[in-house]
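> Here's the letter readout for the chains.
Number of protein chains: 2
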Amino acid sequence: MDKFGKAVNYADGALSFIDCGNAMERDPLEAKSPYTMYSETVELIRYAMRLKNFASHSATVAEKKLAVLCNRCLSLLYLRMFHLKKDHAVKYSRSLMEYFKNSAKTSHQAPSPWRTNGKVNGTPSPLSLSPSPASSVGGGAGGGSGGAPGSSGSVAIPQRIHHMAASHVNITNNILRSYEHWETADRLASDSQEFFQELDSAMEPLSQQSSMTELVRYIRQGLHWLRSEAHLL
Amino acid sequence: MDKFGKAVNYADGALSFIDCGNAMERDPLEAKSPYTMYSETVELIRYAMRLKNFASHSATVAEKKLAVLCNRCLSLLYLRMFHLKKDHAVKYSRSLMEYFKNSAKTSHQAPSPWRTNGKVNGTPSPLSLSPSPASSVGGGAGGGSGGAPGSSGSVAIPQRIHHMAASHVNITNNILRSYEHWETADRLASDSQEFFQELDSAMEPLSQQSSMTELVRYIRQGLHWLRSEAHLL
Numbered sequence: 001m002d003k004f005g006k007a008v009n010y011a012d013g014a015l016s017f018i019d020c021g022n023a024m025e026r027d028p029l030e031a032k033s034p035y036t037m038y039s040e041t042v043e044l045i046r047y048a049m050r051l052k053n054f055a056s057h058s059a060t061v062a063e064k065k066l067a068v069l070c071n072r073c074l075s076l077l078y079l080r081m082f083h084l085k086k087d088h089a090v091k092y093s094r095s096l097m098e099y100f101k102n103s104a105k106t107s108h109q110a111p112s113p114w115r116t117n118g119k120v121n122g123t124p125s126p127l128s129l130s131p132s133p134a135s136s137v138g139g140g141a142g143g144g145s146g147g148a149p150g151s152s153g154s155v156a157i158p159q160r161i162h163h164m165a166a167s168h169v170n171i172t173n174n175i176l177r178s179y180e181h182w183e184t185a186d187r188l189a190s191d192s193q194e195f196f197q198e199l200d201s202a203m204e205p206l207s208q209q210s211s212m213t214e215l216v217r218y219i220r221q222g223l224h225w226l227r228s229e230a231h232l233l
Numbered sequence: 001m002d003k004f005g006k007a008v009n010y011a012d013g014a015l016s017f018i019d020c021g022n023a024m025e026r027d028p029l030e031a032k033s034p035y036t037m038y039s040e041t042v043e044l045i046r047y048a049m050r051l052k053n054f055a056s057h058s059a060t061v062a063e064k065k066l067a068v069l070c071n072r073c074l075s076l077l078y079l080r081m082f083h084l085k086k087d088h089a090v091k092y093s094r095s096l097m098e099y100f101k102n103s104a105k106t107s108h109q110a111p112s113p114w115r116t117n118g119k120v121n122g123t124p125s126p127l128s129l130s131p132s133p134a135s136s137v138g139g140g141a142g143g144g145s146g147g148a149p150g151s152s153g154s155v156a157i158p159q160r161i162h163h164m165a166a167s168h169v170n171i172t173n174n175i176l177r178s179y180e181h182w183e184t185a186d187r188l189a190s191d192s193q194e195f196f197q198e199l200d201s202a203m204e205p206l207s208q209q210s211s212m213t214e215l216v217r218y219i220r221q222g223l224h225w226l227r228s229e230a231h232l233l
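Here the protein sequences come in this chain order: A and B.
Per UniProt numbering: the first sequence = residues 1 to 233.
Per UniProt numbering: the second sequence = residues 1 to 233.
Calculated from the structure, these hints are not laboratory results.
Check the hints yourself; a few may be wrong.
The list cannot tell twin chains apart, which means a pair is met if one copy fits it or any two copies do.
As the list claims (entries may be wrong) - No more than 27 Å apart at the CA atoms, straight line, and that leaves these computed lysine-lysine pairs for BS3-like:
(1) Lys86 to Lys64
(2) Lys6 to Lys52
(3) Lys52 to Lys3
(4) Lys85 to Lys101
(5) Lys91 to Lys32
(6) Lys6 to Lys64
(7) Lys101 to Lys86
(8) Lys32 to Lys101
(9) Lys64 to Lys52
Between the sequences and the hints, there should be enough to build the whole structure, so can you do that?
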């Protein structure tokens with residue numbers, strides 16, 4: 001069997017894993033977490049996609065279709081993983097925002113006129129609009145243009161914050177990856193519009209609101225058609 | 001004018017700001033960033049919502065409808081802000097993941113059989129499934145159950161990482177807030193199903209894929225109906 005056939009088989013196997021993860025979400029007594037199940041499924045699909053670069057310019061049309069299906073799978077898996085841990089991320093995010101706000105000793109930013117927490121003092125004027133701290137911090141760091149003092153040194157942070165930041169990065173990485181794979185799939189699908197239009201009519205089109213059940217049904221049908229076209233049935 | 005009327009006016013004003021931000025997105029010569037414009041709009045809506053707790057149990061039906069509209073607005077504004085900075089977040093996320101991976105000296109986790117980066121050694125067996133590092137880290141910290149050594153001390157991290165983590169938290173906070181406000185709106189809307197069904201038929205129903213233009217048109221219509229019902233026209 002060639003690498004394409006192998007990858008199709010692995011992708012099909014991954015669907016069974018997603019089915020399991022989906023069932024595990026409804027069974028709180030399950031020892032293994034659905035998050036772990038989905039995370040391992042991601043690794044299996046990545047493994048299949050490393051067999052050959054199915055998304056490269058030299059890939060065949062069938063290989064690109066497979067890459068689209070795999071990228072949609074990865075996108076919705078990452079999205080589901082994000083949702084499973086979202087509440088943790090919200091909790092960590094609050095603590096980290098609080099920590100970074102306090103640790104930012106630089107006070108050259110004018111407060112927004114509407115940040116009055118609780119007591120309201122008069123009417124805000126649209127003329128007094130000023131950059132809010134959130135947007136300034138969000139865009140300032142990392143680019144090296146901010147000229148923050150001592151940016152080459154090091155900072156001591158509580159171990160608790162360090163752990164929380166590591167977890168936060170891991171959880172939010174899922175949503176970033178999800179968008180990335182969704183966009184990759186969109187880009188690659190433009191080469192096989194007819195195939196995916198037919199698949200969309202045969203099944204429900206996939207969206208970022210699709211359930212794991214809908215994902216599995218859609219991808220399974222797509223793989224079936226791919227096998228059929230490649231005479232792998 | 002009562003607080004409800006005032007809040008409706010502020011919300012309406014916020015729509016004009018969103019229109020401006022939307023136009024700014026298409027004009028690269030604009031001095032002010034659309035991100036800042038949206039961020040200030042968020043503050044204005046928050047200000048309006050602080051005039052009175054429109055989402056509380058004692059709020060009137062009309063007040064809850066206003067809270068739904070405001071929460072939808074906030075959700076899609078946060079989502080748009082996230083998208084405007086997503087590329088930064090992806091870059092920071094990669095660097096931070098790398099940093100935290102290297103800083104995690106604890107090596108008690110078995111590597112997943114499929115994490116072979118590049119060279120592929122044999123076929124993965126579903127039987128050898130093991131928890132992947134991502135899921136363990138994602139769920140472990142913050143809860144205090146992990147028993148990480150020295151979690152009460154402090155860690156020295158490069159200033160660059162500290163800045164990057166602060167920016168990352170700020171950008172990803174947008175997506176977390178977006179989901180939070182979307183869910184709040186869904187919850188509150190269940191008390192006024194008929195109103196929102198009619199609004200959905202009159203306009204296109206809002207979704208997390210709605211554009212800023214669609215958002216403004218939808219909310220403007222909703223506010224118009226609210227004013228009309230409250231004889232504020």
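> Each hint needs a verdict: does it hold in this structure or not?
Hints, one by one, checked against the model:
1. Taking the shortest alpha-carbon separations for Lys86 and Lys64, only the inter-copy value of 26 Å comes in at or below 27 Å, while the best intra-copy value is 32 Å.
2. For the homomeric pair Lys6 and Lys52, the shortest alpha-carbon distance inside one copy (10 Å) is at most 27 Å, but the shortest distance between copies (61 Å) is not.
3. For the homomeric pair Lys52 and Lys3, the shortest alpha-carbon distance inside one copy (7 Å) is at most 27 Å, but the shortest distance between copies (63 Å) is not.
4. Proximity of Lys85 and Lys101 under a CA criterion of 27 Å is satisfied in both settings, with 24 Å inside one chain copy and 19 Å between copies.
5. Taking the shortest Cα distances, Lys91 and Lys32 sit within 27 Å of each other inside one copy (23 Å), while across copies they are farther apart (32 Å).
6. For a Cα distance limit of 27 Å, the shortest separation of Lys6 from Lys64 inside one copy, 15 Å, qualifies, whereas the shortest one across copies, 55 Å, does not.
7. Proximity of Lys101 to Lys86 under the C-alpha cut-off of 27 Å is found in both arrangements, the shortest distances being 22 Å within a copy and 21 Å between copies.
8. In this homomeric assembly, Lys32 and Lys101 come within 27 Å of each other (Cα to Cα) only across copies, at 23 Å, whereas the closest approach inside a single copy is 37 Å.
9. Taking the shortest Cα distances, Lys64 and Lys52 sit within 27 Å of each other inside one copy (11 Å), while across copies they are farther apart (54 Å).
Violated hints are absent here; each numbered hint is respected by the structure.
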